[in-house]
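Chains as they are written, first to last, in the working numbering: chain A, 1 to 583; chain B, 1001 to 1345.
Treat each hint with caution, since some may be false.
Under the rule of at most 20 Å between Cα atoms (straight-line distance), these lysine to aspartate or glutamate pairs were calculated in the DMTMM-like manner [what the hints assert, rightly or not]:
1) Lys-171/A x Glu-142/A
2) Lys-1017/B x Glu-283/A
3) Lys-1110/B x Glu-142/A
4) Lys-1048/B x Asp-151/A
5) Lys-187/A x Glu-1025/B
6) Lys-139/A x Asp-1053/B
7) Lys-187/A x Glu-1260/B
8) Lys-1048/B x Asp-136/A
9) Lys-245/A x Glu-174/A
10) Lys-1076/B x Glu-141/A
11) Lys-1061/B x Asp-186/A
12) Lys-187/A x Asp-1106/B
13) Lys-1313/B x Glu-64/A
Read the hints as simulated data drawn from the structure, not as lab findings.
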Amino acid sequence: MASVIEGDSVLAIDVGSASTRAMLFDVVEGRYRFIAIGQSPSTAHAPFNDISAGVVEAIEKLQETTGKTFIDADQRLITSIQEDGSGVETISTSISAGAALKIVIAGLLSDVSLESAKNLAESTYARVVESLSLNDPRKAEEQIDAILKADPDLIIIAGGTDQGASQSLQKLIEIIGLACYLMPDDKRPAIIFAGNQEKDDEVRDLLEPLSSNLQTTSNIRPSITTEDLGPARAALARAFVGIRKKQIPGVEELDMWAGGRALPSVFAEGRIIHLLSKLYGPEKALLSVNLGASAATLSIGFNNCLQTKVYPHLGLGEGISELLQHTSIENIARWLSNDAPHQQISDYIYTKALYPNSIPATEEDLQIEQALGREALRIAIETARQELPDDVPVIKKNLLPLFEIILAGGSIISNAPTYGQSLLILLDALQPTGTSTLILDQNNLLPALGTAAEINSILPVQALESGAFVNLATAVSPLSSARYGANILKASIKRADGSISTTVLKQGGFEVIPLKAGQVADLNLQPQNRANIGYGPGRKIAMKVGGSALGIVLDGRGRPLDLQSDDNRRKELIKKWLWTVGD
Amino acid sequence: MLAPVSHNLALTTIIRKRLLPVQGEVVVKLNQHILATDTVAEAEFSHKHHLIDIAHILGIKPSVAEKMVSVRVGEKLAAGTVVAKGIKVEHNGRVVAAGGGQILLDISEKPFELKAGISGEVVELIQNRGVIIQEVGALVQGIWGNGRISSGTLHVLAEKPAEILTAKQLDMSLRSLVILAGSCQNAEVLNTAAEITVRGLILSSIHPSLLGLARKMPYPIVVTDAIGNQAMNANAYKIISTNNQREKVTVNAEAFQRYEGTRPEIIIPLPHTDPPSTPRAVEIFAPGQKVRLRRAPHAGATGTLENLPAGLKTLPNGLRVMAGEVKLNSGKQITVPLVNLEVLG
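Can you build the whole structure from these sequences, using the hints too?
Written as structure tokens, this is what we have:
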């Protein structure tokens, strides 16, 4: 069949803290497809201290897989298709490698503009290291010294509603200006001004000569009750890449390959979630989670809005020991089905922090790594859930909202030896409610699609439809207050061959109804004992479902998931759940 | 595949660049022989300032106040100096900014001092920023350091790589020495070492609960192998233990910073004729290389990389990875994920 689109091949490069990936997308039979991936350990850190070696190695692995040539003998990219078929037409690139940015936030009121500045900072790989506001009791010189001591990569200034008072903001800007003035030229931070728009020109006059890169963007708090992070997020993405170019050798060249369109991976990922959210319609909520080495990231799309959260303290790479500041070894150990002593878990965490690229080589270590993943993801979703807008649909307060689609990536989840293990990590950590489709981004393609979307809007849509992602399962998680062992759901499935089977889910139970990828069936869900699957207590629903790697999973284990306090009983149950999904 | 290297070398040429975080003054000379604890450069890099807001104090407009101020940037002012209409300076300081009716003083007491971190010869001066220092000797890189630097005579206390150090082993005869100890598993050991004022502790491993206390210790601590309880790798133990009683042994316990590239290390200056070549920081995995295993099983064990089979291997836990076949020093043959290996060299 002739090609119906004249598309370019796209080489997408994603540089993470632990891995660098080179992914090829090309047109096959008239539609874009994900072709192959090459992966290598990242080289942003010592002793390499240059991302180029990792990028070249990832591309070389891609060359081995595809038989195509993208770089010449001098390791230069071949940027157009040659007569011999070598080269690539378009490059896109995303990056999450590097230490979290140190950000100083400044705003007028701590629970208004400063809160919005914090929300903006948390939408990228960053840590807020200092904050200034009107409520700050410190003297001006103490604030200046605090900024100097924080040695920020970036300062975000918010504050003042548009057309509102501006004198207090002026004071903050002067303090920041003085602090920047005292820094050596090569240490001056980037600055984003996202406050009262009437101050833009003044800010530019005062701070532009004192900053490595000043961007003014629309007010993130245009009124007391409204927060609008959209345009500022784009400014933050540009600032992030600019900072990385200064910090990490090789980023500048990679950005040049990509025509100056490099993006933070989380920003690119958010772009796809936003796009999908629009496709699915405003009433359906989408969740994307990525458990990476540098951070745990969440993107939530709902009602045409995007919320992105990045938690560097929950990354499973060099910062993994920080996890212990947010949970306990006991909480991690409760996800294990073996008898690993707490000391072994602790040793595992510190070794992983020293060698973030390393992987578990034993069954015991794999279980510990997956337990750490569950705990990090559980804390991330719990933190993000508390900041979700009120209008996201829920069955019950304090539980995960009803997410139609849940996309998951990050090596612990996507590289698990079996799909069952991947699924169980997600169900245990996220604890979805109602009916959700769980999709595995096995090759961590989302950032690549997000960067490619900027140059080619058809590619992400067609690649998503092309089976580049693994449809893991349709999970049905009823909410019920029935006693343990009571029937809570009757699921009847009518397959294309006309056969009908019925599965009864009990409170505390966990069942799988196989339905292979490519198959379609009619599913009737009839809650029992006033259980709720998202349509009201006891209300039944009939739907068409597509097949997937694991089929339909009925999760009656309760929300929140009640892990048995009896060690032996809990371990037996975990083994049973794993066996049910095919360990 | 690219391979990270951990330096465990009995004799090598060590070259280290030391740079100020900001521009300043280099205070050593070319070809000067220095100790690890010597200051090589200084900079005014203050985080202590005092702001005098004359307009605010006098209740006048900044433009009016500005005309009353006659100090210049760079001028040093003594406490009590009058800067405008009866307004006195409270601290000794240097004017770093003046304008708009305000004066900002740097009131820090001493400049930032950059330590050499390695004994040796200054082989290059980097104008206003720092130096390059060269030394010939043994080099062992560690995995954790408490941020301090010192040097002294080496004393081998651990008779085996797997020993656990006890407080009883530490007495006044070890005062002012750099001690090769084993694993540290209790706080008493660290406190006793501080009491007898050791110059440095070289540990194979340390219990994670002791990391906070170790950071507070006044002497440098370098951990060579693991956070937890693990023996010292055989190569490192052999290199250090065969240099018992060597002088000017540097324990540079810089924190291991992946992105900055700093790493704790022990440097033992050794006599030499011709300086040997400098070690390579990065290698490509190849058969014949000496390697150390980073992860269980056999974490910390050393051996020889014998073969690099093509394609992916399935581990006992089901993960599929690129792997290498390693013959451990014990003679055992195992398959290890390449990402769990580092080359010793």
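Next on the checklist: Tell me the hint numbers this structure goes against, listed in increasing order.
Outcome noted: Hints 2, 9, 11 are the ones this structure does not satisfy, whereas the remaining hints hold.
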